[in-house]
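Chain Y: place on chain S using the hints.
Order-wise, the sequence lines are chains S and Y. Numbering (full-length UniProt numbering) for the first sequence: 1 to 277. Numbering (full-length UniProt numbering) for the second sequence: 1 to 272.
Because the hints were derived from the structure by calculation, they are not lab data. Every value quoted in this text rests on a predicted model; they were computed, and no experiment measured them. Even for Gly, the Cβ is constructed at its ideal location relative to N, Cα and C. Some hints here could point you the wrong way.
Below, a sample of chain S positions facing chain Y; criterion: calculated Cβ distance under 10 Å [to be verified]:
no., residue
1, Tyr23
2, Arg40
3, Met41
4, Asp44
5, Gly94
6, Ile103
7, Phe121
8, Lys129
9, Pro132
10, Gln172
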Amino acid sequence: MTLGKEHHMMSAVTAADLAPTPYAWEIRATGLKVRVGRKRMAVDGLDLSLGTGVHGLLGPNGAGKTTLIRALATVLRPAEGTLELLGESVGGRGEHRALRRRIGYLPQEFGYYKRFTVREFVEYMAWLKEVPKADIPAAVQRAVERVGLADRADERMKALSGGMIRRVGIAQAIVNDPLILLLDEPTVGLDPAQRLRFRELLQELGTDTCVVVSTHLVEDVAAACTDVVLFAEGRLVFQGPPDELASVGGPEHEGDSPLERGYSAMLLNPRQGRGSW
Amino acid sequence: MSVEHASRRIIEGYARGGADLAADEVWAVEAHLETCRGCRDRLSAAVDAGVPAVVSLVDTVWSGLEPQLAVTATMPRGRPWSARLSRWMTPAMVPWLAMVVGVTLLALLLDLVGTGTGEVSLVLLFAPVLPVLGVAASWSRELDPAYELTASVPRAGLHLVLRRTASVLAVVVPALLVGGWATGVMVAQWLLPCLAFTATTLALGGVVGVTRAAVGLATVWAAVVVVPTLATRRITFALQADGLPVWALILALGIGVVIARRGAYSVLGAHR
Numbered sequence: 001m002t003l004g005k006e007h008h009m010m011s012a013v014t015a016a017d018l019a020p021t022p023y024a025w026e027i028r029a030t031g032l033k034v035r036v037g038r039k040r041m042a043v044d045g046l047d048l049s050l051g052t053g054v055h056g057l058l059g060p061n062g063a064g065k066t067t068l069i070r071a072l073a074t075v076l077r078p079a080e081g082t083l084e085l086l087g088e089s090v091g092g093r094g095e096h097r098a099l100r101r102r103i104g105y106l107p108q109e110f111g112y113y114k115r116f117t118v119r120e121f122v123e124y125m126a127w128l129k130e131v132p133k134a135d136i137p138a139a140v141q142r143a144v145e146r147v148g149l150a151d152r153a154d155e156r157m158k159a160l161s162g163g164m165i166r167r168v169g170i171a172q173a174i175v176n177d178p179l180i181l182l183l184d185e186p187t188v189g190l191d192p193a194q195r196l197r198f199r200e201l202l203q204e205l206g207t208d209t210c211v212v213v214s215t216h217l218v219e220d221v222a223a224a225c226t227d228v229v230l231f232a233e234g235r236l237v238f239q240g241p242p243d244e245l246a247s248v249g250g251p252e253h254e255g256d257s258p259l260e261r262g263y264s265a266m267l268l269n270p271r272q273g274r275g276s277w
Numbered sequence: 001m002s003v004e005h006a007s008r009r010i011i012e013g014y015a016r017g018g019a020d021l022a023a024d025e026v027w028a029v030e031a032h033l034e035t036c037r038g039c040r041d042r043l044s045a046a047v048d049a050g051v052p053a054v055v056s057l058v059d060t061v062w063s064g065l066e067p068q069l070a071v072t073a074t075m076p077r078g079r080p081w082s083a084r085l086s087r088w089m090t091p092a093m094v095p096w097l098a099m100v101v102g103v104t105l106l107a108l109l110l111d112l113v114g115t116g117t118g119e120v121s122l123v124l125l126f127a128p129v130l131p132v133l134g135v136a137a138s139w140s141r142e143l144d145p146a147y148e149l150t151a152s153v154p155r156a157g158l159h160l161v162l163r164r165t166a167s168v169l170a171v172v173v174p175a176l177l178v179g180g181w182a183t184g185v186m187v188a189q190w191l192l193p194c195l196a197f198t199a200t201t202l203a204l205g206g207v208v209g210v211t212r213a214a215v216g217l218a219t220v221w222a223a224v225v226v227v228p229t230l231a232t233r234r235i236t237f238a239l240q241a242d243g244l245p246v247w248a249l250i251l252a253l254g255i256g257v258v259i260a261r262r263g264a265y266s267v268l269g270a271h272r
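So here's chain S without its partners, still in its complex pose:
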């Protein structure tokens, strides 16, 4: 080998990786209520347990999906009930620094700095997420490659298309190798080919991460999610595998696919489905 400098590689497995997890569910909410503005409870008494896998968060507009994801990202504090992330209780005024290092978050309105290059922006986010300094360049390159932007990594963000910006958003979310990955409407602005690639990435991430994807596209859920969480008016309507949701719908319900018909059936009669999870 003709390496100029000897790199001390870390051994592949660390003690932290081998330690047993002290929690049963990555995300666990009981009676969770989250307030938006003064009065409205956007999440109103939610009981939810999510483990490793890809969870599609479905629901009509205004169902409280974004509020729930914000609460999971710890930027909104629960008004009532308990929320445990990775076994740590979220609430009160704590900063949750250690917990936030294990969370990746893509907000619905993904704001960025136009003058930054892709690499600079993801590096900046890695720094904000307290990725160890020595690991940042490699972590950034890995994240950028995973979203297929390696060839555009050194271009300014203002030169990128909407779909590419979205992929930068996904790259910054996964740059700290999170255990909980929260993606709010990640497929908006992606063209069909990119959506297919994105679903593959989701499935890949879902093998060892708890991924929560909020979407209103039922076909995204059918293709990439191991689990559907159907959410309406701040409450859980259904949780289970996509097939189970599809089986609820009959020919009399609206929709072009079995899953869409199941979705309409559940929303027509939310009370009926509540016990089924």
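For chain Y alone, kept in the frame of chain S given last:
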């Protein structure tokens, strides 16, 4: 630390596929090879000498990789100052800081030309509110496009707020220092109100949001001090040397509240 290197028998056994080594020897030699360049060189020599099957395999991999490696551009050198700067201020703050410095220079110019306000120094009059504008821009939903992302990261919170506030003061204070020196105003007379206003903005910001706090305080300052002073052309009580202990008290109170409520800066509310 003395390191024991792999023996020739183990290296050669490993090169032949490790079938005649015990499992723990294979495990140990692999772990050692990850960190020891010397033993990797010995392994590659052993492979070259005795195991043509592996040599041809490695060659195949190389010939497959080489065309890809040839077209992959090396990572260009980044702009290290840019990365370092972004840890102290966001790009959203730059125009605001430029404006603050511009206002200071303008006030200084008017003071020196001597038009308008008589014995009242404009630098002194604007000193307390100037940093507040910069602080508002550093933690604002409207001005900082990445506010929601920033609020969700582990570094968010008082630490980052103070970092950005410090960078605002690092720009504003030297500009005011020049202005104060040129107009002959005592340093404490503008520095204390300036710091007190900054601390109060942060303290109120933890409750109602930093931007709202900044706008509110700037309005109060304009109504209570700037307008009467410009109208009467006399220094108001707030800026006289007797007022300094009061400013010091406000500064101390502001800092106390900020420390007591330090958890409030890591949620979305602080960005309003």
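Per-residue hint verdict: lysine 129 of chain S, partner chain Y, C-beta under 10 Å: 5 Å, holds
Should the interface hint for tyrosine 23 of chain S be scored as holding, given a Cβ-Cβ cut-off of 10 Å against chain Y? 19 Å, violated
Less than 10 Å between beta-carbons is the criterion; does proline 132 of chain S satisfy it with respect to chain Y? 12 Å, violated
Was the hint right that glycine 94 of chain S lines chain Y, CB cutoff 10 Å? 6 Å, holds
Proposed interface contact between glutamine 172 of chain S and chain Y, which counts if any beta carbon pair is under 10 Å: Result: holds, 7 Å to nearest chain Y Cβ.
For the restraint on arginine 40 of chain S, tell me whether the closest CB of chain Y is nearer than 10 Å. 15 Å, violated
With chain Y as the partner, please determine if methionine 41 of chain S meets the hint condition of a C-beta pair closer than 10 Å. 16 Å, violated
Under the criterion of a CB-CB separation shorter than 10 Å, is phenylalanine 121 of chain S in contact with chain Y as hinted? Given a least distance of 9 Å, the restraint on phenylalanine 121 of chain S holds.
Hey, does the isoleucine 103 of chain S contact hint survive, CB to chain Y under 10 Å? 7 Å, holds
Do the numbers back the hint for aspartate 44 of chain S, that is, is its least Cβ distance to chain Y under 10 Å? Check failed: Cβ of aspartate 44 of chain S comes no nearer than 19 Å to chain Y, outside 10 Å.
Hints 1, 2, 3, 4 and 9 from the list above are not met by this structure, while the remaining hints are.
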